[in-house]
Every structure is written in C-alpha cells, then in structure tokens.
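With the hints as extra help, turn the sequences into a complete structure.
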Amino acid sequence: MTTYTFEPRLGTDRTALYVEVQQFYARQVRLLDDLRAEEFAATFTADGVFAPSPGLPPAHGREAIAAALRAAHARRFGTEPVRSRHWYNMLRVDPGPDGTLVTHYYTLVMVSRPWDPAPVIAPSSVVEDVLVYEDGELRTRERRITPDHQSF
Amino acid sequence: MTTYTFEPRLGTDRTALYVEVQQFYARQVRLLDDLRAEEFAATFTADGVFAPSPGLPPAHGREAIAAALRAAHARRFGTEPVRSRHWYNMLRVDPGPDGTLVTHYYTLVMVSRPWDPAPVIAPSSVVEDVLVYEDGELRTRERRITPDHQSF
Amino acid sequence: MTTYTFEPRLGTDRTALYVEVQQFYARQVRLLDDLRAEEFAATFTADGVFAPSPGLPPAHGREAIAAALRAAHARRFGTEPVRSRHWYNMLRVDPGPDGTLVTHYYTLVMVSRPWDPAPVIAPSSVVEDVLVYEDGELRTRERRITPDHQSF
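Chains as they are written, first to last, in the numbering used here: chain A, 1 to 152; chain B, 153 to 304; chain C, 305 to 456.
What the hints contain is simulated information worked out from the structure, not anything from laboratory work. For clarity, every value in this text was computed on a predicted model and none was experimentally measured. Errors might be hidden in some of the hints.
Some chain C residues near chain A, calculated using beta-carbon distances under 7 Å [what the hints assert, rightly or not]:
1) 320
2) 333
3) 335
4) 416
5) 420
6) 421
Partner residues are not named here, just some residues of chain B that face chain C (Cβ under 10 Å, in silico) [claimed, not checked]:
7) 172
8) 174
9) 185
10) 187
11) 209
12) 210
Ideal Cβ placement from N, Cα and C applies to all residues, glycine included.
So, in structure tokens, the structure goes:
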C-alpha cells in the first residue's frame with residue numbers, strides 16, 4: 001500500500017484543509033450528479049474503492065467505479081429522465097493513518113423529474129471516505145456508504 | 153462595465169475567501185427568507201441582475217429585484233401564512249473575469265405552514281452567482297437560477 | 305456569570321473560528337443522533353441551557369439536558385426503531401458579549417425507519433446558540449430552538 005503525505009503547503013493548517021475538502025466535494029459531486037462517470041472515477045485513486053452499501057460488493061479501481069455508477073443509475077431509473085443532486089452535510093475531517101485524511105458526513109439524494117417541482121428524497125446515509133493527496137490534488141481512496149434504513 | 157478588485161486583506165487566501173462567501177450567504181438568505189425585500193436587494197450591486205429561471209425575464213437593479221421578490225411570493229402563496237427557508241449546499245467559489253468571483257451551489261426551499269410540522273420541499277435548483285467586493289463588502293452582481301425540473 | 309475568553313491561538317482569525325464551529329457541530333450532532341445523551345450533554349457547559357421550543361421549559365445543566373433528550377425521543381418515537389439525522393445549514397458566527405460566540409443556523413431532522421428508504425422530514429427550525437471556550441474546547445452554553453411552524 002502506498003503511503004501518502006500531505007502537501008507541505010497545507011502544513012498543519014487544518015482550517016485550509018477543511019475548506020479544501022469542502023471544495024473538493026463540491027466539484028466531485030457535480031461529476032457524480034451529471035453522470036460523468038469516467039471523470040467522477042478519475043477523482044478516485046487508481047486503486048480506489050467504492051462501497052455503495054454494506055450489503056453490496058465494492059467496486060475496485062476507476063473502471064469498475066465508473067461502471068458501478070452507470071449500473072446503479074440504470075437499475076434505479078432505467079431510461080426515465082431524472083436529475084439527481086447529492087447533498088452532503090455535517091462534515092468531519094480527521095487525520096488518518098499513513099498521511100491519509102478520514103472524513104465522515106451525512107448524505108441525501110434529491111431526485112427531480114421534468115415538470116414536477118417537488119423533488120423526491122432518496123435514502124439518508126452516512127459516508128466514510130479516505131482521502132489522499134496525489135500530484136497535489138485531493139483524491140478519494142475509499143468511500144464506504146451506509147444507508148440509514150439498512151443500518152438497524 | 154465596472155472592473156472590481158478584491159480587497160487586499162484577502163490577498164490570495166482562498167480559504168478566507170471561501171469562508172467569507174459562506175457567511176455572506178448565511179446573512180443574505182435571512183433577508184430573503186424574512187421577506188425583507190429592500191434589504192435583500194441591497195446585497196446586490198446597483199446594476200445587479202436577478203434571473204429566477206431561464207424562462208422568466210431577469211430583474212435589473214435593486215428596485216426591480218425587491219419588486220420581483222415580493223411578486224414571486226405573492227404569486228406562489230398569496231396571503232397564506234408560510235415561512236420559507238432557502239438551503240444552499242455544495243458551494244464552489246472560483247475566480248471570475250475582471251476581479252469577480254463566480255460561485256455555484258445547489259438550493260432547496262423548505263416551506264412551513266402554521267401547526268404543520270412537516271415542511272414542503274420546493275424545487276431543487278442550481279444557482280450561479282457573480283460576486284464582487286464593493287466598499288469592502290461582498291455583493292451579488294448576478295444570480296442565475298436553473299430549477300432542476302425545468303432543465304431537461 | 306463566568307466571562308469566557310477565546311483561546312489565543314484563534315486570535316482574530318475569524319476564518320479559523322468559523323471552520324472550528326463547523327467541525328464542533330459535526331461532532332456534536334453525531335452524539336445527538338446516536339442518542340449518546342450524556343456525551344451530548346457534556347458538550348454543553350456545566351450551567352448549560354437547552355431550550356427545545358419557546359413553548360417548553362428549558363433544561364438547565366448537563367443532567368437535565370441528557371434527560372430531556374431521552375424524554376423527547378421516547379415521547380416522539382416510543383420504542384419504535386428510528387434513526388434521526390440533524391442537518392444544519394446557513395451558519396452565521398458572530399462575536400457575542402463577554403467573549404462568547406453567538407451562532408444562528410437552520411435545522412431539519414431526517415427520520416429513517418428500517419426498510420423504508422424515504423426519510424421523513426421533521427420540523428424546520430432556526431437555532432440560536434451561545435458558544436464558549438472552556439479548557440480549549442468549544443462548548444454550548446445556550447441553545448434556543450424556534451420551530452418554524454410555531455413561529456407565526
């Protein structure tokens with residue numbers, strides 16, 4: 001396993017780090033919600049892991065992550081025109097082992113359909129990510145999603 | 153067109169800038185949700201533009217923005233007692249041309265009625281703002297709202 | 305009444321302070337949502353006040369706050385298995401009297417039940433907190449919640 005180190009420019013400035021993670025998610029989520037699957041997968045490390053639910057097998061690597069994203073959308077919505085918006089909240093950012101960052105946050109998905117102004121709210125979940133710096137950019141190395149309604 | 157420059161105190165500190173934008177929106181949104189239309193309009197530049205939807209004509213200038221805000225509320229709710237809360241999320245802040253800031257974020261509106269504890273969720277939208285510094289204060293020069301259910 | 309002073313390390317850095325408050329809430333809310341009532345109450349000062357609604361008597365002190373939290377959950381949900389997630393948004397952080405911080409934010413509660421992927425949204429509220437530093441840690445000295453549907 002590669003050991004990552006934070007960029008020196010961040011130093012011990014946890015304020016800058018927290019804001020940088022907020023902005024990283026704001027950019028990453030647009031790729032997710034626009035179904036730009038390859039670009040979304042490129043925000044993961046090459047050995048990235050995406051675990052959409054404790055009951056499902058995780059995707060390993062960018063190609064598998066992009067394929068899993070497309071498959072999940074097709075399974076849930078078929079060819080129905082929908083627009084999803086992921087909302088994140090209550091973000092924690094902590095130092096993890098080997099120079100990683102560990103984040104925790106709440107998520108919801110708002111699903112809109114044409115001409116219906118009331119979005120449908122999809123599962124509330126808790127997400128744990130492992131983030132690393134690669135070439136001066138934040139990347140996701142692991143994402144583990146636990147939907148609330150399956151967590152009892 | 154006026155060219156704006158950032159206040160020196162911000163310098164290149166993008167962390168401080170991001171947090172300042174978060175706080176600007178937290179203050180501005182209270183004026184919006186309290187229907188303090190003139191005070192809300194005063195957070196725009198004198199030549200500010202407010203475009204509530206790609207299908208509607210934008211309001212130009214503070215007077216028109218205040219009037220548009222009142223008209224939209226009356227059209228949607230009449231004299232019904234409701235309380236709206238705008239929620240913003242997944243904020244991106246980027247440098248724009250001529251010393252401006254360009255922001256992107258998701259929005260939802262929660263509408264509460266007396267004695268009904270379950271708020272109704274109004275359209276999910278994406279907003280693009282152009283922000284500038286005037287007299288050391290952030291102001292909105294342009295706001296363009298795209299509701300998700302009309303964006304297919 | 306004790307007078308609190310901010311830790312020198314924060315100095316006048318309002319950016320760091322804002323981010324620290326965001327992280328404080330992200331940690332505190334997990335204790336609230338996991339019903340770890342004593343640990344949640346320990347994030348309040350010993351003389352902390354928790355006012356859940358203008359129409360209800362506030363709880364004074366940690367023991368009363370923990371008891372109020374358990375009672376509110378039992379009253380609302382009985383022994384039904386539910387998972388609550390508090391969402392905060394549109395946070396303002398301002399200096400208050402005597403070295404305190406005063407914060408304002410919007411809240412919603414998402415309530416999930418087993419096997420039902422659609423969470424129910426509980427009341428939209430506005431919260432005003434008074435925060436202080438004690439032993440280098442942020443603590444809540446007062447929390448006053450105003451549910452929107454009761455505020456007309």
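Hint check:
1. 320: holds, 4 Å
2. 333: Hint on residue 333(C): holds, closest Cβ of chain A at ~5 Å, below 7 Å.
3. 335: Where the cut-off is 7 Å and the nearest Cβ of chain A is about 12 Å from residue 335(C), the hint is violated.
4. 416: holds, 4 Å
5. 420: holds, 6 Å
6. 421: holds, 4 Å
7. 172: Holds: closest Cβ of chain C sits about 8 Å from residue 172(B), inside 10 Å.
8. 174: At about 7 Å, which falls below the 10 Å cut-off, the nearest Cβ of chain C leaves the hint on residue 174(B) intact, so it holds.
9. 185: holds, 9 Å
10. 187: violated, 13 Å
11. 209: Cβ of residue 209(B) sits 28 Å from chain C, so the hint is violated.
12. 210: violated, 24 Å
Of the numbered hints stated above, those contradicted by the structure are hints 3, 10, 11 and 12, listed in ascending order.
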